[in-house]
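Student: Residue-level listing of the chains:
2 protein chains.
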Amino acid sequence: MTKTDNVVHDAEYYILYDQHGEKWEVEDRELDARLEALRKKYGTPPNIVHIMWDDMPFGDAGIPAINKIRGFETPNCNRIAEEGILFTRFYTEPACTPSRAAVITGRHPVRHGMHTVAFPIENGGLRGDEVTTAEVLSSAGYATAFYGKWHLGDLEESYPHNHGFDEALFTPYNQVMSLWNPQGEGANAVLGLVEENLKKDPYQIDDNFLPDGWILTIEGRKGETAREWGDTGINDYKAIDPECEKRTLEFIRKNARARTPFYVAYWPLMIGLIADPKKETVARSLLSEGFRKVDAFLGTVMEELKNLGIAENTLLVAHADNGPMTHNPPPGMGMAETIFRGGKSDYWEGGIRVAAFAWWPGMIPAGEIVGDMIHEVDLYTTFARLGGAMEQIPGDRVVDGLDQTALLINGDTHGRRDYNFVYTGPVLAATIKGRWKRVWVGDHPGLAGAAFYDLYLDHREQFPVLIPLLHTDLAFKRMRVRHEIWKKKYPDRPEKRGVPFTGLENPRPETERLAKPLVRDRSRLPFDPLEFIDFEPPWDDFDRDMPGG
Amino acid sequence: MTKTDNVVHDAEYYILYDQHGEKWEVEDRELDARLEALRKKYGTPPNIVHIMWDDMPFGDAGIPAINKIRGFETPNCNRIAEEGILFTRFYTEPACTPSRAAVITGRHPVRHGMHTVAFPIENGGLRGDEVTTAEVLSSAGYATAFYGKWHLGDLEESYPHNHGFDEALFTPYNQVMSLWNPQGEGANAVLGLVEENLKKDPYQIDDNFLPDGWILTIEGRKGETAREWGDTGINDYKAIDPECEKRTLEFIRKNARARTPFYVAYWPLMIGLIADPKKETVARSLLSEGFRKVDAFLGTVMEELKNLGIAENTLLVAHADNGPMTHNPPPGMGMAETIFRGGKSDYWEGGIRVAAFAWWPGMIPAGEIVGDMIHEVDLYTTFARLGGAMEQIPGDRVVDGLDQTALLINGDTHGRRDYNFVYTGPVLAATIKGRWKRVWVGDHPGLAGAAFYDLYLDHREQFPVLIPLLHTDLAFKRMRVRHEIWKKKYPDRPEKRGVPFTGLENPRPETERLAKPLVRDRSRLPFDPLEFIDFEPPWDDFDRDMPGG
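For the record, the sequence lines run as chains B and C.
Residue numbering for the first sequence follows my numbering, beginning at 1 and increasing consecutively.
Residue numbering for the second sequence follows my numbering, beginning at 1 and increasing consecutively.
Heads up, a few of these hints could be off.
Said to hold, decoys possible - Derived pair list, reagent style DSBU-like, types lysine-lysine, alpha-carbon separation capped at 35 Å: (1) B:Lys-23 - C:Lys-278; (2) B:Lys-199 - B:Lys-516; (3) B:Lys-279 - C:Lys-477; (4) C:Lys-433 - B:Lys-293.
As the list claims (entries may be wrong) - Partner residues are not named here, just some residues of chain C that face chain B (Cβ under 7 Å, in silico): (5) Val-26; (6) Glu-27; (7) Ile-63; (8) Thr-88; (9) Asp-458; (10) His-459; (11) Arg-460.
Source of the hints: derived by calculation from the structure; they are not laboratory data.
From a predicted model like this one, the values you see are computed outputs, not experimental measurements.
All residues carry an ideal CB built from backbone N, CA and C; glycine is no exception.
Given only the sequences and the hints, what does the whole structure look like? Please build it.
Tutor: Structure, rendered in structure tokens:
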């Protein structure tokens with residue numbers, strides 16, 4: 001276990017290591033030699049560009065035949081598929097906040113409380129003692145930058161520039177903010193957030209129920225006080241992605257010139273919930289119109305890397321953060337279960353199996369279609385390995401991410417993962433082992449549990465079976481018990497809770513008010529009006545009993 | 001309308017012709033010139049090989065990334081996709097018998113009563129006055145052969161060699177016959193058809209309830225009396241596909257040598273319902289094990305055509321007959337809704353949008369992914385056009401098939417169809433126009449009907465909408481009315497009914513008994529025990545009121 005000596009993996013990994021460790025160590029030495037040769041040629045460890053967008057299931061990008069069906073083209077994803085890797089079994093967490101928290105910490109978000117989607121005002125965020133990819137790679141000499149949708153809380157200690165990024169332009173929340181403005185009132189949203197557009201409701205007696213302050217975008221640099229960037233209007237919202245694209249390219253150019261190894265994460269907003277009447281795609285949907293720009297930017301990045309002469313020394317990983325928003329989508333969203341059942345928030349494959357690609361000309365085999373299982377948490381460990389920063393990963397906690405360098409470089413069937421623990425919120429909803437999937441929620445008490453699936457025969461999980469998969473019952477139970485016992489040694493931690501939007505140079509009065517209780521006279525209340533901040537909502541657990549079949 | 005002067009199309013076609021007729025005529029003249037040049041080179045019109053298998057949705061073949069997901073490889077379909085056309089919107093009828101009836105007559109089966117799956121004993125079949133592709137091409141000088149699963153009835157006038165095929169080896173029924181044998185009793189089927197394996201039920205008082213005679217395979221030649229081929233056992237069942245493959249290749253070679261243009265339809269059984277314990281595919285399913293052989297044979301045919309030097313003068317069309325059997329599948333079938341919602345028998349896209357390919361090196365553009373709509377009935381008209389046999393199509397009935405030669409040869413966006421009337425049984429369940437689909441069944445009486453779908457945004461038809469597609473409501477109604485009015489001029493005809501398995505040289509006693517009532521003394525019954533034969537079952541209509549959403 002030379003490569004990962006200091007890293008504590010989940011228990012299941014050691015079951016595999018026991019069977020394949022010697023072979024993997026041989027393979028790792030060959031990979032080290034290839035990486036060392038590359039380092040000699042370019043003088044730095046490889047650069048890493050990580051582009052992650054919202055809500056796209058496997059299939060919607062990279063496959064020309066499905067482009068026809070969905071009515072939008074993804075020429076640059078298709079190009080990556082031809083020149084690099086198209087993953088067919090890339091797993092994420094099932095929703096935005098947990099997925100972002102997972103990929104940046106290498107840990108299932110249940111381990112640090114970031115398991116549920118954050119909405120304004122969250123009064124919470126990523127713990128300061130979590131160690132992000134940026135912190136790991138910074139320590140190894142990388143320049144680091146974050147641009148786009150962070151969505152990991154509104155606390156100062158959760159800001160990306162306080163989590164290892166040298167520079168950041170980020171939104172603490174998600175795309176719903178595109179509606180929180182006067183134009184949003186006109187988009188069938190009926191929000192009632194913009195008082196001056198509203199007729200006064202004569203029956204409204206609580207004027208403090210809804211928030212009156214929030215922030216769209218924050219700009220920060222490591223070690224400095226941050227600033228609110230722009231305002232909360234729709235024009236400022238629309239300006240974020242173009243500004244992030246510009247900064248991403250500038251950051252790449254600057255570090256290429258300086259021969260500094262770099263890691264840049266650009267996670268676009270992609271979609272605004274107020275549609276543009278002019279459409280550029282056949283599908284005409286919010287998804288297709290938004291992704292058109294993300295896909296184009298992937299092409300721009302690839303060209304830029306080639307022009308700068310660093311394409312062979314730069315790994316580009318591009319993927320969605322979770323499945324399509326098929327539950328409660330706004331009109332015209334155009335997201336669908338393209339192949340797999342389920343969408344964002346589901347433990348079904350459709351919620352967690354996403355469009356994903358890797359491009360690294362000369363290092364990754366071209367036209368490789370990878371059927372191996374890989375999870376977004378693996379990027380954490382793999383990036384650390386590539387950056388020579390494995391020792392920067394803390395050894396006092398379970399890191400779910402595995403080193404998948406072999407899969408990237410040697411291609412199909414060289415993966416090191418055959419399992420996935422699928423949490424929805426804090427609930428372990430399903431466990432996957434190879435082709436089989438055991439759904440735990442909605443179990444029939446006293447029965448063996450009818451919700452077993454074979455993902456080759458029934459990849460859409462439409463037909464739960466018991467008898468034909470009963471030989472996996474004990475095996476799944478044993479696997480889950482191992483996972484639970486390991487947690488006793490390395491317990492889950494709660495999300496950080498607190499007052500939002502501190503650490504800003506230019507707070508507006510309504511932003512500052514968020515730190516104070518919305519009451520005139522605190523002594524007139526028989527409770528502390530801010531105590532809700534520290535309360536962990538028990539309803540996050542709501543789907544523990546939802547039906548599994 | 002020079003090319004189709006004698007053919008009566010459905011009303012909707014003329015709406016398109018009015019808008020595009022001049023352009024299409026110019027295109028047709030260019031195509032004629034290309035076909036004439038080919039004819040000069042080879043001395044005959046193009047040969048046609050039509051391979052159609054069971055129950056495979058779009059996606060399961062021809063797309064490497066989906067191969068990974070489904071756990072079986074389709075190397076030869078993938079090769080066709082690289083060297084020819086992969087269709088992404090190839091429609092069929094939703095089940096075996098109607099699909100076969102449609103492709104061979106160019107007409108929706110509602111027009112000739114073949115709208116419902118035939119099971120033994122059917123006492124019915126394809127009408128003698130329907131004109132098949134074999135009859136059309138025979139009249140134009142083609143050698144014709146049919147091998148495999150015919151499934152168009154058990155009447156003498158329905159046999160393929162009585163419908164234009166020079167030679168035929170065929171099954172009147174489907175794969176369920178693989179269970180109607182002593183081994184079937186052991187395959188969890190509990191049939192009770194093989195008396196000698198059964199303990200006598202002391203309460204059974206009717207010994208004539210179940211059939212005691214049927215036929216698996218018939219061999220025939222045009223103008224000759226047919227013969228039963230083999231017996232009804234499992235070994236004879238397993239021998240059918242290999243024998244058909246052998247005869248298909250021999251037929252191709254013989255006619256290539258004789259320089260006779262030929263048309264051969266091989267529709268394999270592909271699947272038997274008694275699994276082989278030995279598995280050759282990762283998926284291990286009846287589907288994957290069966291299709292492996294079909295895919296391999298596609299490769300064999302392509303190589304044979306190349307070796308014979310006639311590949312450039314032979315159109316190979318290969319497709320499934322309908323969507324996957326997801327309703328009531330036997331254990332281990334492994335069929336699934338790969339991309340689209342629904343399966344065999346459904347009006348949803350998953351029931352009717354299938355894996356489909358065309359290969360014609362030198363004539364068809366390579367690597368073409370075709371997003372145009374094409375329906376299996378179009379093969380009828382297209383084959384006739386290619387064979388110079390358009391005049392052989394009868395002009396006294398609606399032919400739903402359109403000439404899609406332009407789509408084949410000029411590729412994507414050169415289709416001539418933007419509509420589809422989707423029948424399930426005799427019921428018009430849905431109507432498709434371009435990207436929109438209107439589901440008629442389960443309508444809310446008095447409402448405009450909530451079941452409108454946009455097939456780009458919601459290709460799985462999970463979210464019926466009303467308001468965003470209300471501008472299509474009148475348009476769909478007008479389209480349907482045109483279709484219904486046209487039917488008053490060209491009325492639907494019933495299926496042919498009659499006594500099964502006449503016209504055989506070697507009938508067994510149990511087969512001959514099928515023509516007689518299963519009663520000892522007919523005079524003791526107060527009704528004619530054979531009058532059921534002519535009765536059209538009203539329950540075919542059962543799903544007229546099924547919910548649409």
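Student: To test your reading of the hints: which numbers does this structure violate?
Tutor: Of the numbered hints given earlier, those the structure breaks are 5, 6, listed in rising order.
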